[in-house]
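Those protein sequence lines, which keep their order, are chains A, B, C and D. If you use our numbering, the first sequence corresponds to residues 421 to 742, in order. If you use our numbering, the second sequence corresponds to residues 421 to 742, in order. If you use our numbering, the third sequence corresponds to residues 2 to 327, in order. If you use our numbering, the fourth sequence corresponds to residues 2 to 327, in order.
No lab work stands behind these hints, which were simulated from the structure alone. This one's a predicted model, so the numbers in the text were calculated from it and none came from an experiment. Watch out, some of these pointers could steer you wrong.
Stated by the list, open to error - Facing chain D, according to a computed beta carbon distance under 7 Å, are these residues of chain B, among others:
1. L451
2. F452
3. T513
4. I538
5. P544
6. T547
7. S552
8. E578
9. A742
As the list claims (entries may be wrong) - Which stretches of chain D does chain B cover? Using the computed rule of at least three CB atoms under 8 Å from a CB of chain B, they are:
10. 73-86
11. 228-236
Ideal Cβ positions, reconstructed from N, Cα and C, are used throughout, including at glycine.
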Amino acid sequence: MRVASPDLEQLVGMLRTMLLIRAFEEKADELFALGRIHGTMHLSLGQEAVAVGVCAALRADDYILSTHRGHGHCLAKGADPRLMMAEFLGKETGYCRGRGGSMHIADVRGGNLGANGIVAGGLPIATGVGLSIQMRRTGQVCVAFFGDGAANEGAFHEALNLAAIWMLPVVFVCENNQYAMSMPVRRAMRVERVSDRATAYGMPGATVDGMDVVAVHEAATSAVGRARAGGGPTLLECVTYRYRGHSKSDRQRYRGRDEVEAWRARDPIARLRARLTADGALTEAEADALAAEASAAIEDALRFAEAQPEPDPATLLQDVYA
Amino acid sequence: MRVASPDLEQLVGMLRTMLLIRAFEEKADELFALGRIHGTMHLSLGQEAVAVGVCAALRADDYILSTHRGHGHCLAKGADPRLMMAEFLGKETGYCRGRGGSMHIADVRGGNLGANGIVAGGLPIATGVGLSIQMRRTGQVCVAFFGDGAANEGAFHEALNLAAIWMLPVVFVCENNQYAMSMPVRRAMRVERVSDRATAYGMPGATVDGMDVVAVHEAATSAVGRARAGGGPTLLECVTYRYRGHSKSDRQRYRGRDEVEAWRARDPIARLRARLTADGALTEAEADALAAEASAAIEDALRFAEAQPEPDPATLLQDVYA
Amino acid sequence: MRVLTYAEAVREALRQALADDERVFLLGEDIGVYGGAFGVTEGLLTEFGPERVRDTPISEAAITGCAIGAAVTGMRPVLEIQFMDFITLAMEQLVLQAAKIRYMFGGTARVPMVLRTPAGSGTGAAAQHSESLEAWFAHVPGLKVVAPSSSADAKGLLLASIRDDNPVIFVEHKLLYRTRGEVPEAPVPIPLGVAEVKRAGDDVTVIATSVMVPRALAAAERLAADGVAVEVIDPRTLRPLDAETLVASARKTGRVVVVYEAVKTLGIGAEIAARIAESEAFYHLRAPIVRLGGQEVPIPYNRRLEAAAVPQEDDIVEAVRQVMAA
Amino acid sequence: MRVLTYAEAVREALRQALADDERVFLLGEDIGVYGGAFGVTEGLLTEFGPERVRDTPISEAAITGCAIGAAVTGMRPVLEIQFMDFITLAMEQLVLQAAKIRYMFGGTARVPMVLRTPAGSGTGAAAQHSESLEAWFAHVPGLKVVAPSSSADAKGLLLASIRDDNPVIFVEHKLLYRTRGEVPEAPVPIPLGVAEVKRAGDDVTVIATSVMVPRALAAAERLAADGVAVEVIDPRTLRPLDAETLVASARKTGRVVVVYEAVKTLGIGAEIAARIAESEAFYHLRAPIVRLGGQEVPIPYNRRLEAAAVPQEDDIVEAVRQVMAA
Ligand SMILES: Cc1ncc(C[n+]2csc(CCOP(=O)(O)OP(=O)(O)O)c2C)c(N)n1
Ligand SMILES: Cc1ncc(C[n+]2csc(CCOP(=O)(O)OP(=O)(O)O)c2C)c(N)n1
Ligand SMILES: [Mg+2]
Ligand SMILES: [Mg+2]
């Protein structure tokens, strides 16, 4: 299915969301460095185009299932950065009442059925979301994000097969960022592309440049359209890169600086900005203003979050059961 | 790798083993019908060519990992029918001291690392056997049998990927007998052939007629040869059919008699026998004698097994730990 | 009242739930035309069609996740795992996802699903088809665990499980499927978390679960002839556990035997014994708390070994005699 | 004697085992150049090369099966599962295969493998990275379960585990990795199945496991100031459990508190309480057996909630005071 390219307004919107994600991640990094965050976190710096290009292809009532590296997906699906930041700081008014934190932020109302601490853990769940959509006949679509490393879990295999045989409206989006923690993708599988595995399920597969939000958006729009029309699932691989370490304990001995620099030179935000300014769609000043807006929104979110109350330990046992 | 066709002596040997399996299975069926077997069992009637064609390609010190439908594999790998029958009857002198029964017969010394009650349960273990062979540098090979239904388990995916990336000396042999219990293979996967999945792991895949022991043997010899030479794993699919129900509770409402009859018309034993008699390699009388020999061996095994002692309940707790 | 087998009672609950609520659907391996490995879903495919009685490939993790995803988005799936042993393939989805989603998400989601599964030994199916793993699930906050011992309980508890808004592990026992008992026709749920005194008595409390309940009742009958009045209690729900009822009985009789099929160490009887030992009933105990659980072995194939591996009626009689003598 | 962190002690055991026995090898996710998620295998890749310190893809079931297959055919693999939570993906291989192979095959095979895994909460990693699931494994005949609480135990017990001919689940606690203690340089195994009295006392027995051992010792120190002599015992091996040592102490003091991090219901403390309640020590108990386990919740992210979810030193002091007052 050929799809129309995004119009200028959409492109500016995508730039705005990518900037917001970047600002969120940079702030998260800073908070962690300051010792203000408990636990760990996984930053998606460099991967913004995937979250944004895919989610821009969705309706508000569509679903996503996210991963441990999920801040970007969450924002791209329309979450409120204030409530996200509050969750990140473990506050009572955060998305998960401070129970979830970075690795479990969910915005169920907004269609984000949650980040997931388990590699590939969301993929089987996505089949159920797809089945439920099919049975309720609502015309929704479910996107399941996962990493290159997740593609070697049994859950990946079972879930893709189930979605394929039942023609479920699920788009499986692989963020191939070259590594699973320290494991390079080429040592973890003997195929060139994760999307080469689509044929094993009789479903369409595609690989796109995950540093190009327009390419991601086009491919996602096509896959989402097919899913919505009853054409079944797609495996969409977006080739991308994470700029930072896997998590905070990572000394990155498995890769060189040159490699990181080479990928940074393909930065998805710089690329879209350059395109929009070259096209005359944005002036440099307007583009700078967008970046400043994003930073301001995150500063605002942080101020909001800081002012929020901590959960009361007396509420510890709430919400284990419905 | 092209391999030499089996010589006449080998072919007669294969016929002999197929007949032995058939006689074992028919006797097992009879014992069950008489209420003399506790539990359940899964007969491989119709699938004899796979077990025999593959195991004939192995050295005595090679390994196999078998399945719930494992009597044939066990005999083809050279097990003693007496000890198998004793196990089947739950006797102290059976292969597993009566602890395992039909679903767990193992002949560890003979290289059969066991039937398995868990669909796809042997596949991950096979990777470890392969790795151990590679590390011990013994030049052995490991064959892992599994069914078409097993190809939808996560374990299949993980195991094949692991074997592929480490170039392990493992041959994955799928006995595609058209059904997983009541589930037809075409409803359980959207690919034509199980071997179509080999490409997802960057390993060679092949599909052969599993009712033709010569075809199975050639394909297995080639895959085993590659594994032994350090060329890594293969996914070999043998298209076959089980004549009887899945297990004793099966009323076979998912298939028609015509279908069963059509497959029976391609019987692997009748086919090899016809070929050998047509070639003049065997007279009809000689062929009949082989069949009689097989029946006699099974009758002997049964007499042996019947005379064996039951385990003493006082030994219940033995062998939980080494 | 009508008499149904336990399998029929389960089927009736499924049929009524399917008929009552269009969000309910069944999924599992061979539950359609085959009717399930133990025939429990027999006929439901014809009645409700393949969308609501859905055969799946052999993919225990994915079908469990499928139930979770459907539950989170408004359906009420009832999943069958063909043998309890195979639940080992779905532990991540059950324990790290289904049980935790609600809590991790701060109460913003719920996971109303039931996982039905046949458990236990006694059919000659050996070590990989005879597991009794309910204690694992009873260890997990966020899950509920139900184990009916009679036809009536099977029906009523299954209806309640399907109406519950949480993930419920519903443990059926293979040897009970053919047992018979009176079952009301109307779809009346039996509340989860409530134990039942199956037989009243003052001398000794026997707490038994699942297939051990009929064995305990038979043993109690024999012991009554000797003048020992046994109180037999079935917790019915293992999580949440109705400790109050158990403790009250222990307090009354001062003597407790806990009988369960699972491996003794860390089976449900460990928790029951510990609950009583930490309770007020402690001060009323007249003898050590006896646990009669499965032997510390995988279930063997041979019929005599298999029977020796789990408590039988005679063992219960013996244990009660011992605790009376203590 | 040299002082090592717990992580260093584990590493030293691995290094010595690798050097001593060529059948030993390590496999796991990111154990090579990364050094493991907690740095435990740091440097071993350089020392022993990628064949014996083998990075794997993220495939917990397959790498567990890989260890099993290698063990059955003559190797002695030591597998790392990056967080104990992820063991949920390998339950079938561990419980239906590794634990049962020997028994099902009538004693003709053995499975000498060790599965090392970091467990527990306290690092802010929330519900899916903080599990304490050791009780599940202690329920399974055929497995052994070890949970060291000090550097010396970590080294000695790991050496014994690697030399053991059975599958051993070796539970390391994340919060203990940086704790320090004296460790002998020589590769001396500490026998499995033997509890250790970590502090002697006559008034009350505190049985604690893993990270709760240092907390119990700190609590005992404080209670000593109040004149309460606490005996602290660490079972060290959870299966087989050295019930004899525990029962003897309970008999001596007549008062028992069991402290463990896992969810209280059906955590290891359930078994320990039940063992004591069914033993001769029953007749010597002066108070109900107190269990101090984790709260019945998934581990929450927020730091204060997380701390409230599991027993802390103060809680132990409090529990001991209560049992002394009972
Ligand atoms: C089942 C499971 N195994 C291991 C981990 C530890 N872990 C967290 S993220 C990660 C790497 C994941 O790689 P990939 O899927 O490529 O995602 P990325 O981190 O690159 O975004 C690992 C090994 C986990 N969380 N879950
Ligand atoms: C993990 C698991 N799931 C389900 C079963 C129940 N079961 C036993 S055999 C079988 C069908 C297997 O089909 P296939 O792999 O094609 O082998 P076949 O029986 O056809 O030889 C099923 C569902 C099982 N033993 N293990
Ligand atoms: Mg990655
Ligand atoms: Mg089949």
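How the hints compare with the structure:
With a cut of 7 Å, the hint placing L451(B) at the interface with chain D is violated, because the nearest CB-to-CB distance is about 20 Å. The beta carbon of F452(B) is not positioned within 7 Å of any beta carbon in chain D (closest approach about 20 Å), and the interface hint is therefore violated. Nearest Cβ of chain D to the Cβ of T513(B): about 10 Å, over the 7 Å cut. The hint is violated. About 6 Å separates the beta-carbon of I538(B) from the nearest beta-carbon of chain D, less than 7 Å, and the hint is met.
Against a cut-off of 7 Å between C-beta atoms, the interface hint on P544(B) holds, since the closest Cβ of chain D lies about 2 Å away. At a threshold of 7 Å, the smallest CB-CB gap from T547(B) to chain D is about 5 Å, leaving the interface hint in force. The interface hint given for S552(B) is met, as the beta carbon of that residue sits about 4 Å from the closest beta carbon of chain D, less than 7 Å. Annotation: E578(B) was flagged as interfacial toward chain D, and the flag holds, the nearest CB pair being 3 Å apart, inside 7 Å.
Against a cut-off of 7 Å between C-beta atoms, the interface hint on A742(B) holds, since the closest Cβ of chain D lies about 4 Å away. Counting residues of the region 73-86 of chain D whose CB falls under 8 Å from any CB of chain B gives 5; the rule of at least 3 is met. Residues of the region 228-236 of chain D lying with their CB closer than 8 Å to a CB of chain B number 0, which falls below the three-residue condition for coverage.
Checked against the numbered hints given earlier, the structure breaks hints 1, 2, 3 and 11 and satisfies all the rest.
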